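Engineer: One-letter residues, chain by chain:
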Amino acid sequence: MAHPLAADGGLAMINDVYAWLTDGSNWVGGSGDQALTRLYEHLLLTAVSVVMAIIVGLPLAVWLGHRGRGGTLAVNVSNIGRAIPIVALLALLSLGLFGSSVLGPFGRAGLATLVTLALFALPPIITNTWVGMREVDSDTIEAARGMGMSEGEVLRRVELPLALPIIFSGIRLAFVQVWATATIAALVAGPGLGRIITHGYDADDPAEIIAGALIVAVIALMLEVGLAGVQRLLDPVGRARRDTAKRDTRRGSDNRLPVGPTP
Amino acid sequence: MTPSLVPTPSSVHALAVDNCLTRNDWICGAYFSSSRVDALQTALLQHIGIVVASVVLGFVIAFPLALLGRRYRKLEALVVGTSTAIYTIPSLALFSLLVPLTGLGVETVVLGLGLYSLTILVRSMIDGLRAVPDDVRESALGMGYAPARLLWRVELPLALPTIMGGVRVATVSAVALTTVGAILDYGGLGSLLIEGSSTNFKAQVLFTSFMCVALAVALDLLLVGLQRWLTPWRRTAASR
Chain E
1 MAHPLAADGG LAMINDVYAW LTDGSNWVGG SGDQALTRLY EHLLLTAVSV
51 VMAIIVGLPL AVWLGHRGRG GTLAVNVSNI GRAIPIVALL ALLSLGLFGS
101 SVLGPFGRAG LATLVTLALF ALPPIITNTW VGMREVDSDT IEAARGMGMS
151 EGEVLRRVEL PLALPIIFSG IRLAFVQVWA TATIAALVAG PGLGRIITHG
201 YDADDPAEII AGALIVAVIA LMLEVGLAGV QRLLDPVGRA RRDTAKRDTR
251 RGSDNRLPVG PTP
Chain B
1001 MTPSLVPTPS SVHALAVDNC LTRNDWICGA YFSSSRVDAL QTALLQHIGI
1051 VVASVVLGFV IAFPLALLGR RYRKLEALVV GTSTAIYTIP SLALFSLLVP
1101 LTGLGVETVV LGLGLYSLTI LVRSMIDGLR AVPDDVRESA LGMGYAPARL
1151 LWRVELPLAL PTIMGGVRVA TVSAVALTTV GAILDYGGLG SLLIEGSSTN
1201 FKAQVLFTSF MCVALAVALD LLLVGLQRWL TPWRRTAASR
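These protein sequence lines are chains E and B, in that order. Counted from 1, the first sequence has number 186 at position 186 by the working numbering; the numbering is strictly sequential. Counted from 1, the second sequence has number 1146 at position 146 by the working numbering; the numbering is strictly sequential.
Among the hints, erroneous ones may be present.
Claimed, not checked - Covered, in the sense of this in silico footprint (three residues per stretch, anywhere, with C-beta under 8 angstroms from a C-beta of chain B), are these stretches of chain E: (1) 75-87; (2) 143-149; (3) 194-202; (4) 212-220.
Stated by the list, open to error - Over 10 angstroms on every C-beta distance to chain E, these chain B residues come out as not near it, computed from the model: (5) W1026; (6) L1068; (7) R1070; (8) L1097; (9) V1106; (10) V1132; (11) G1142; (12) M1143; (13) V1154; (14) V1180; (15) G1196; (16) C1212.
Claimed, not checked - According to the in silico footprint, chain E covers these stretches of chain B (three or more CB under 8 angstroms from chain E): (17) 1027-1034; (18) 1082-1094; (19) 1197-1207.
Note that these hints are calculated values from the structure, not bench results. Computed from a predicted model, the values in this text were never measured in an experiment. Cβ atoms here follow ideal geometry from the backbone N, Cα and C, with glycine treated the same way.
Work out the full structure, taking the sequences as your base and the hints as a guide.
Structural biologist: Okay, here's the thing in structure tokens:
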């Protein structure tokens, strides 16, 4: 049997997707698992798991960076995270430790999904925070100490403000990654917008698949662009630098770390 | 595909035999029946094939883009911007959006993963080429190197460690992301993993998860070896 997705194409498909997206009953109503509920689940999962990762990872990395320790851990945690498929971790956690029962507004396998997402949010936060702390000019820190600042003051008033742009770009990366990862959660057991896509495949409904994918992709891009904007607003040093000298052609959004791993 | 990958407690066999399969243990020797080993082998080969094809595809597209991007700054911004946007799109959505173009086959998975590799590779290529010291380039030009020879004999070798760094990241990411191809029935080990997850088959979930990570580590080590072999001068420099 020819699959509708393979056979159909072009204008008819666009019409179907448009019809799906503009049909109110796909967004609200009925059994409670319509798009709006999924969207709410997805946003809630993303936000809560990133906050969980920040609470755990940020103080750890700030302390390690301040003391100049744990470099191997901070750098390699990203490489390790990259090698573990989300599907695998979520499947292991939902079959084992946490089970796949419904957790309040988080939906099916809520706890396993939350923990998995938080674990995937940790690496960019830890790595960026650590590198940001280490990249603060050591002369500046010496000068602050020379001015009679205590260790705590050096940390709060010199190192943290200077490291903030890189820390924030780590959090931004975590947000965007977790948004993406939360979509994949649907493949296993998880809640979230990915369910629309997987439901589309199960029901052989191309319009639903494409519509779900569009919702997920558009919001992912909005998150990326929006957070980059927030980052530019929050970065007074970078803004001042851009205003005075335009020698740096790279935008503030390129603040993230180089993609190559450190061997 | 064997019909009874799952322990079914209601079946006659399950009532008769008490082993780790019927108990649904995480680790289970009886899991490795010959039919399952065959299925694992097929899945592993498919997984490797998808990863290699997608990274090669990404590399082939990224190389000319990086050369152009290096020359024209405006183009670089466009290339990096577009590929970052692609990278932002979750894999499940990207595969689904490609389906109307490339169908429900393995091509969609390879193309999607190739686009992710492209992002990483373009950046590492541009960074690597740009990090070649200007005086090295000047000397080569002064010695009469033509642009093509300069690229192949001087710039690329010097940029190789950075480029290989990109290839490693792309490969390891591709191993993990291939599992998502299971939605199109081309997920390599991911297909078995998700099947195991949906049927609550612990031994299969644990072993295929382990295989995914092991594959990523193995390919990464292979690439480290390749890099050492391609850059013998760095070894001598390090041992001095």
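Engineer: The structure should be examined with respect to each hint, and the outcome stated for every one.
Structural biologist: Now the hints, each set against the structure:
Residues of the segment 75-87 of chain E with a Cβ under 8 angstroms from some Cβ of chain B number 7, which satisfies the need for three, so the listed coverage holds. For a cut-off of 8 angstroms, the count of residues in the segment 143-149 of chain E with a CB near a CB of chain B stands at 0, and the three-residue condition is violated. Given a C-beta distance limit of less than 8 angstroms, the hint that chain B covers the segment 194-202 of chain E holds, as 5 residues qualify and 3 suffice. Here's how the segment 212-220 of chain E fares: 6 of its residues keep a CB closer than 8 angstroms to some CB of chain B, so the rule of at least three is met and the hint holds.
With a cut of 10 angstroms on Cβ distances, W1026/B falls inside the contact zone with chain E, its closest approach being about 7 angstroms. Annotated as non-interface, L1068/B keeps its C-beta farther than 10 angstroms from every C-beta of chain E; the closest such distance is 17 angstroms. Remark: the non-interface label on R1070/B is consistent with the geometry, its nearest Cβ contact in chain E lying 14 angstroms away (cut-off 10 angstroms). With a closest Cβ-Cβ approach of about 5 angstroms to chain E, L1097/B is found to fall inside the 10 angstroms limit, against its non-interface label.
With a closest Cβ-Cβ approach of about 13 angstroms to chain E, V1106/B is found to remain outside the 10 angstroms limit, as its non-interface label requires. The claim that V1132/B is not at the interface with chain E holds, since no C-beta of that chain comes within 10 angstroms of its own (minimum 15 angstroms). The Cβ of G1142/B sits about 28 angstroms from the closest Cβ of chain E, beyond the 10 angstroms cut-off, so the non-interface label holds. The non-interface label for M1143/B is consistent with chain E: the shortest C-beta to C-beta separation is roughly 30 angstroms, beyond 10 angstroms.
With 10 angstroms as the threshold on Cβ separation, the claim that V1154/B sits away from chain E holds: the shortest Cβ distance comes to roughly 20 angstroms. For V1180/B, the non-interface assignment is contradicted: its Cβ lies about 6 angstroms from the closest Cβ of chain E, within the 10 angstroms cut-off. Consistency note on G1196/B: stated as away from chain E, yet its beta-carbon is not over 10 angstroms from all of that chain's, at 7 angstroms minimum. Under the 10 angstroms C-beta cut-off, the non-interface status given to C1212/B relative to chain E is violated; the minimum distance is some 5 angstroms.
Counting residues of the segment 1027-1034 of chain B whose C-beta lies closer than 8 angstroms to any C-beta of chain E gives 0; at least three are required, and the coverage claim is violated. A stretch counts as covered by a chain when three or more of its residues have a beta carbon under 8 angstroms from one of that chain; for the segment 1082-1094 of chain B and chain E the count is 9, and the coverage holds. Evaluation of the coverage hint for the segment 1197-1207 of chain B: fulfilled, as 6 residues show C-beta separations to chain E shorter than 8 angstroms, against a requirement of three.
Comparing the model with each numbered hint stated earlier shows that hints 2, 5, 8, 14, 15, 16 and 17 do not hold.
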